[in-house]
Amino acid sequence: MENPGTSNSPEFLKQVQLAIDGALRPDEQTAFFKQINDCPFCLEKYYKERRFKQFLENKVVKKCVSDDLISRIKSNLDRTPPQ
Amino acid sequence: MVSLQTMSVSSQEELKREKDRVFEKEFLPHINALYNFAFHLTYNEEDANDLVQETYMKAYRFISSYVEGTNAKAWLFKILKNAFINEYRKKSKRPTKVDYEEIVSYHDSEDTSYIGSLDLREEIYQGMLGDEVTKALNALPVDFKTVVLLCDIEGFTYEEIAKIIDIPIGTVRSRLHRARNMLKEKLKEYASNLGYKENR
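Protein chains in written order, with the numbering used here: chain A, 1 to 83; chain B, 1 to 200.
Be aware that one or more of the hints could be misleading.
[As the list claims (entries may be wrong)] Which residues of chain B face chain A? A few of them, derived with a C-beta cut under 7 Å, are:
no., residue
1, Y43
2, Q53
3, W75
4, A139
5, V142
6, H177
7, Y190
8, N193
[To be verified] Subject to a maximum C-alpha distance of 25 Å in a straight line, what follows is the list of computed DSS-like cross-link-like pairs (lysine-lysine):
no., chain 1, residue 1, chain 2, residue 2
9, A, K62, B, K19
10, A, K59, B, K188
11, B, K73, A, K63
12, A, K63, B, K58
Note that these hints are calculated values from the structure, not bench results.
Fair warning: this is a prediction, and the values are worked out from it, not measured in the lab.
Every residue gets a Cβ at the ideal spot worked out from N, C-alpha and C, and that includes glycine.
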């Protein structure tokens, strides 16, 4: 088992975020998941960061466009010749 | 002569019908995502409307440079981001965009302690409302807010983000990392102002 220090290192946190964003190469991903499976603190950090990403996705207010804007855009198309 | 004119008009009409079809099928389905992005960039509904309208008009005008079936969403986001930067520069009357390097060097100088303070306790922020989280996000400098919106809200890959905002993938990676850290700090501040206590 690794100590909590590993899971708090800036480099490890960067790796966690890359893993969560699906930005690790396959070999890096394999090594990363092996590492966190051997280190409970690292695994906890991974889940925590993943929940933070989900939290943002769920909590940030989503705005929808008005029907009026869609109509305006469509009516303007006729006056906008494609180049 | 009359015949040629008729053919020309007819082929132009056919071309327009084809462009309209691509526009309707590939561009319009992304309008809510674009509006959401525009709203968070401007934090103003009227400006967001103008930005989205300008984006769609530009996309239509230059539709011939779009290849059907490719990444329409990323293409539209890139147009919107460029339109925003142009407008933002005009309004702020500044020759360059937000001084990202200045912000980076500030955080670089305190990298270790900064990272160490970011282990935000989940119970502190999980109870926060969407409006509070949105305010925290909107309080970030625009370059940092942009990467969070593109990655965490819109689900673009690093490669797509790099193309949309014209920066190398390595910069996407580091900017995103810093942006999330800054956001955690903001959330902690907001939570503290709202009376949440951190027990560490």
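(message) H177 of chain B was flagged as interface toward chain A. Is the shortest Cβ-Cβ separation under 7 Å?
(response) Holds: closest Cβ of chain A sits about 6 Å from H177 of chain B, inside 7 Å.
(message) Restraint: Y190 of chain B near chain A, CB-CB cut 7 Å. Satisfied or not?
(response) Given a least distance of 12 Å, the restraint on Y190 of chain B is violated.
(request) Identify whether the interface hint at V142 of chain B stands, where standing means a beta carbon of chain A within less than 7 Å of its own. (result) At about 16 Å, which exceeds the 7 Å cut-off, the nearest Cβ of chain A leaves the hint on V142 of chain B violated.
(request) Go through the hint on N193 of chain B and say holds or violated, using the shortest Cβ distance to chain A against 7 Å. (result) Interface hint status for N193 of chain B: violated (17 Å vs cutoff 7 Å).
(message) Next pair to validate is K62 of chain A with K19 of chain B; report whether the Cα-Cα distance is within 25 Å.
(response) 29 Å, violated
(request) Tell me if Q53 of chain B is really an interface residue toward chain A, meaning its C-beta lies closer than 7 Å to one of theirs. (result) Holds. Min distance 6 Å.
(request) Return the status of the interface hint for Y43 of chain B: holds when the least beta-carbon distance to chain A is below 7 Å, violated otherwise. (result) Since the shortest Cβ distance to chain A is 10 Å, the answer is violated.
(request) Tell me if W75 of chain B is really an interface residue toward chain A, meaning its C-beta lies closer than 7 Å to one of theirs. (result) Since chain A brings no Cβ nearer than about 15 Å to W75 of chain B, farther than 7 Å, the hint is violated.
(message) So if I understand the rule, the pair passes when the alpha-carbon distance is 25 Å or less; does K63 of chain A with K58 of chain B pass?
(response) Since the Cα atoms of K63 of chain A and K58 of chain B sit roughly 22 Å apart, the hinted pair holds (cutoff 25 Å).
(message) Checking one constraint from the list: CA of K59 of chain A to CA of K188 of chain B, max 25 Å. Satisfied?
(response) Answer holds: K59 of chain A to K188 of chain B is near 15 Å, not above 25 Å.
(request) Quickly compare the C-alpha distance for K73 of chain B and K63 of chain A to 25 Å and report which way the hint goes. (result) Roughly 17 Å separates the two Cα atoms, so the pair holds.
(message) Hint A139 of chain B vs chain A: min CB-CB distance below 7 Å?
(response) 13 Å, violated
Comparing the model with each earlier hint shows violations of hints 1, 3, 4, 5, 7, 8, 9; every other hint is respected.
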